[in-house]
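Asker: Residue strings, one per chain:
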Amino acid sequence: GAGVSQSPSNKVTEKGKDVELRCDPISGHTALYWYRQSLGQGLEFLIYFQGNSAPDKSGLPSDRFSAERTGGSVSTLTIQRTQQEDSAVYLCASSQSRTGGFLPLHFGNGTRLTVT
Amino acid sequence: SQQGEEDPQALSIQEGENATMNCSYKTSINNLQWYRQNSGRGLVHLILIRSNEREKHSGRLRVTLDTSKKSSSLLITASRAADTASYFCATDERTTDSWGKLQFGAGTQVVVTP
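Heads up: the sequence lines are chains A and B, in that order. Residue numbers for the first sequence follow this note's numbering, so the first one is 1 and each next one is one higher. Residue numbers for the second sequence follow this note's numbering, so the first one is 1001 and each next one is one higher.
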C-alpha cells in the first residue's frame, strides 16, 4: 500500500506569508506526528495526534504554528507570518495506535520549506 | 530538546568494513530505535530494542543497549556502498503519559566508498 505522502515536496515563500503543509498518513494509522529537521540537524518534535486530537503540542515553536487533523486521516501544519528561521524540512510520520508498546514510525519524504 | 546524541557525527569507511556508531541519552526509556535517512528522503525504521534487552540482531545490523550507561551502539557489518546514509537513534521516554515522546539525535553521517 501507499506510504506517508506529503505535499508540496518543496515550498518557497516570502517572509511574512502563511504556508500550509499537508500530510496523508498510511491508511489505518491513528497516530500522526510532525517533526522539523534543520540542515544537518536531528529531528525536532512539533506535535502528535491520536485520532483527531493532539495530546501533545509542546513542540510547536510559537503561536504562529498550528496543526489540525480531520477524519482521523489528513493533517495540515500551518505556519503564519513565516520567518526565515522557519526554513527547514518538515517531516510527517504515522504509526498504528499505540497499545501495549511503541510501534515504529513511518515517515514521508518531507516538505522542504524555504523562506526568503 | 534532543534526547539522543550520536557519536561520531560522521564516519567514512570502505566497502566490507564494519561501521560502529554510538548513541547516548539522558532519561529513562521504554525502548530505543535506530532509523536511517537517505539524502532528501524520510527516515526508515531499522531496529527497535526494548529497555529490558541488551542486544538485538537484524541481518547485518547489531544493536546493543546499556541502560546503566544510558547508551546504545549500532554496528553495520560488511558495509556496502548502499549503506551510505545518516543514521539516527530515537528514544521513547518513559513518562507518566500514555505515550512516549520519540526524541531523535542529530545523527551519524556514514559514507561507504567502493
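Because the hints were derived from the structure by calculation, they are not lab data. All values derive from a computational prediction rather than experimental measurement. Please note: incorrect hints may appear among the correct ones.
Computed spacing ranges between beta-carbons, pair by pair [as the list claims (entries may be wrong)]: (1) A:S62 - B:V1044: 44 to 52 Å; (2) A:S38 - B:T1027: 30 to 38 Å; (3) B:S1068 - A:K17: 48 to 56 Å; (4) B:S1024 - A:S58: 43 to 51 Å; (5) A:T70 - B:K1069: 20 to 28 Å; (6) A:L103 - B:H1057: 34 to 42 Å; (7) B:S1024 - A:S62: 27 to 35 Å; (8) B:S1068 - A:S9: 24 to 32 Å.
Lysine-lysine pairs mimicking DSSO-like chemistry, simulated, CA-CA at most 30 Å apart [to be verified]: (9) B:K1070 - B:K1026; (10) B:K1026 - B:K1056; (11) A:K57 - B:K1070; (12) B:K1026 - A:K57; (13) A:K15 - A:K57; (14) A:K57 - A:K11.
Cβ atoms here follow ideal geometry from the backbone N, Cα and C, with glycine treated the same way.
Asker: Determine whether the Cβ-Cβ distance between S1068 (chain B) and S9 (chain A) falls within the hinted range of 24 to 32 Å.
Answerer: violated (43 Å)
Asker: Would the hint linking K57 (chain A) and K1070 (chain B) be met if the CA-CA limit is 30 Å?
Answerer: Holds: K57 (chain A) and K1070 (chain B) sit about 27 Å apart, inside 30 Å.
Asker: Given the hint that K15 (chain A) pairs with K57 (chain A), test it: the Cα-Cα distance must not exceed 30 Å.
Answerer: Given pair K15 (chain A), K57 (chain A) holds - Cα atoms ~24 Å apart, limit 30 Å.
Asker: Lying within 34 to 42 Å: is that true of the beta-carbon distance L103 (chain A) to H1057 (chain B)?
Answerer: About 20 Å separates the Cβ atoms of L103 (chain A) and H1057 (chain B), which means 34 to 42 Å is violated.
Asker: Can the restraint linking K57 (chain A) and K11 (chain A) be considered satisfied, given a maximum Cα separation of 30 Å?
Answerer: Roughly 24 Å separates the two Cα atoms, so the pair holds.
Asker: Quick check on a hinted range of 43 to 51 Å for S1024 (chain B) and S58 (chain A), using CB atoms only.
Answerer: Cβ of S1024 (chain B) to Cβ of S58 (chain A): about 23 Å, so the range 43 to 51 Å is violated.
Asker: Go ahead and decide if the range 48 to 56 Å is satisfied by the Cβ distance of S1068 (chain B) to K17 (chain A).
Answerer: Once the Cβ atoms are compared, 50 Å apart, the range 48 to 56 Å for K17 (chain A) and S1068 (chain B) holds.
Asker: A range of 44 to 52 Å was offered for this pair. Does it hold for the Cβ distance of S62 (chain A) and V1044 (chain B)?
Answerer: violated (30 Å)
Asker: Using the beta carbons of S38 (chain A) and T1027 (chain B), state whether their distance is inside 30 to 38 Å or not.
Answerer: violated (23 Å)
Asker: Straight-line Cα separation of K1026 (chain B) and K57 (chain A) no greater than 30 Å?
Answerer: This hinted pair holds, its Cα atoms lying about 22 Å apart.
Asker: Between T70 (chain A) and K1069 (chain B), does the C-beta distance stay in 20 to 28 Å?
Answerer: violated (44 Å)
Asker: For K1026 (chain B) and K1056 (chain B), compute the direct alpha-carbon distance and say whether it is at most 30 Å.
Answerer: holds (21 Å)
Going through the hint list in order, the structure does not satisfy hints 1, 2, 4, 5, 6, 8.
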